[in-house]
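> We have chain A already, so just place chain B on it with the hints.
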Amino acid sequence: MANKRVLVKRRKAVRNIRKITRTMQLIATARFQAAMARATASKPYAEKLAELVADLSESAEQISHPLMETHEDVKRSILLIITSMRGLCGGYNAGVLRTAIGHLDSQENKGVESDVHMVGKKGVGYFRFLKRSMAEQITHIGEVPSFEDTEPIANGFMDRFSKGEVASVHVAHMRFLSAGRQRPAVIQLLPLVQEPSADADAAAPKGPKADFEFSPEPAELLGDLLPATVRVRLLQCFNDATVSEHIARMVAMKAATDAAEDMITMLSRKYNRARQTQITMELLDIVGGADALS
Amino acid sequence: MARTDTFHCSVITPGRPVLECEATALVFPAHDGEMGILRDRAPITCKLGIGALRVEATDKTHTFFIDRGFAQVVDNKVTILTEQAKRPEEIDADAARTALDAAHEMKITDDASFVARSDAIRRAEKQIAMTRGA
Numbered sequence: 001m002a003n004k005r006v007l008v009k010r011r012k013a014v015r016n017i018r019k020i021t022r023t024m025q026l027i028a029t030a031r032f033q034a035a036m037a038r039a040t041a042s043k044p045y046a047e048k049l050a051e052l053v054a055d056l057s058e059s060a061e062q063i064s065h066p067l068m069e070t071h072e073d074v075k076r077s078i079l080l081i082i083t084s085m086r087g088l089c090g091g092y093n094a095g096v097l098r099t100a101i102g103h104l105d106s107q108e109n110k111g112v113e114s115d116v117h118m119v120g121k122k123g124v125g126y127f128r129f130l131k132r133s134m135a136e137q138i139t140h141i142g143e144v145p146s147f148e149d150t151e152p153i154a155n156g157f158m159d160r161f162s163k164g165e166v167a168s169v170h171v172a173h174m175r176f177l178s179a180g181r182q183r184p185a186v187i188q189l190l191p192l193v194q195e196p197s198a199d200a201d202a203a204a205p206k207g208p209k210a211d212f213e214f215s216p217e218p219a220e221l222l223g224d225l226l227p228a229t230v231r232v233r234l235l236q237c238f239n240d241a242t243v244s245e246h247i248a249r250m251v252a253m254k255a256a257t258d259a260a261e262d263m264i265t266m267l268s269r270k271y272n273r274a275r276q277t278q279i280t281m282e283l284l285d286i287v288g289g290a291d292a293l294s
Numbered sequence: 001m002a003r004t005d006t007f008h009c010s011v012i013t014p015g016r017p018v019l020e021c022e023a024t025a026l027v028f029p030a031h032d033g034e035m036g037i038l039r040d041r042a043p044i045t046c047k048l049g050i051g052a053l054r055v056e057a058t059d060k061t062h063t064f065f066i067d068r069g070f071a072q073v074v075d076n077k078v079t080i081l082t083e084q085a086k087r088p089e090e091i092d093a094d095a096a097r098t099a100l101d102a103a104h105e106m107k108i109t110d111d112a113s114f115v116a117r118s119d120a121i122r123r124a125e126k127q128i129a130m131t132r133g134a
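Respectively, the protein sequence lines represent chains A and B.
Counting from 1, one number per residue, gives the positions in the first sequence under this note's numbering.
Counting from 1, one number per residue, gives the positions in the second sequence under this note's numbering.
The shape of chain A in the complex, shown without the other chains (with noise of 0.2 Å):
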């Protein structure tokens, strides 16, 4: 008797998860599609911008800048990695710190020492249990990543890096490929390196080129683009981090609301089953009894 109580309360409770997990699902779906409308609305900015340094590596003969150097002797690195504020997510956070772990390592056995710098409370956490020490842990930076938030970072590794402090800046977060497909990546910030995009290609074949004119020279210019450059895709970095994770989450919610209706109809034809026998036995006591009596 008190087996169909049980699953009774067990039913209830499974539904109410189920009730959440779904609200949740809804919830990230349309975070979802304000995180990838503000991706899509930051794109033409860095596909200008690329376009222009492509116009004016043409016309400079010779591209150098700081931010282009490779201090080879620098046994210091930076790596950003970024993480979600929150849980529930399934393997998002997981997938990115395995990545980035996986960078360090290797960078360990170059014998080059790493600074970690953390974004997301959760990779915080993770780093603390695992007892990895992080140069800066930021969690300011909330749901919607803006420029303003990622300039100031941006800005203070070009300054290190320019100085000397550090050989290279890397940033692990979930590369958002497709709407379907999101892979953790860890990309090389700096020393910085023209995209191998298909844009470049694309843009080829245009035919003659504008004879431009330029204010101030082109190597004066450029110097101001490759740190624009730099901030545009941190930003993207986020950006991508953003979307990603909703993605994970309305996944995760999407496994989890299935699964509890996997349960609840198991647990449905339990309690069908213990209440028939239930009555079963009952009868049985009925028909027994009147079979003594008779």
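Per the computed footprint, the stretches of chain B lying under chain A, defined by three or more beta-carbons under 8 Å from a beta-carbon of chain A, are:
#	region
1	27-41
2	44-56
3	66-80
Here are some chain A residues pointing at chain B (derived, C-beta under 10 Å):
#	residue
4	P44
5	E51
6	E148
7	L221
No lab work stands behind these hints, which were simulated from the structure alone.
Where is the CB? At the ideal position from N, CA and C, for every residue including glycine.
Then chain B, alone, in the frame of chain A:
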């Protein structure tokens, strides 16, 4: 009838494209002074300074406070890339005044700090002027 004296203008910040319109004239603060653009301007790529960007669109005039960036003019398309573009009504005049006071307090020790101080003063003064003028 379509007007023949206009060109396309877009103002883009890292966050989002701020303005897309057809314009008849445009004035931006270049790094070495203001520069005006009309239709059929020869291609130019230019570094921007701090100040007011004015776009005479076909229907109205848009004004923005911009803080550095780049402008590109090619084929009657003007693209303004800037990390900050604020409309006059978005400027916080009190914050700008506080920033101006802070800027005057800045100590000059070398060339870099001199530039930083004059930039900060310029930034604040321009914003204050724009809140008044608009």
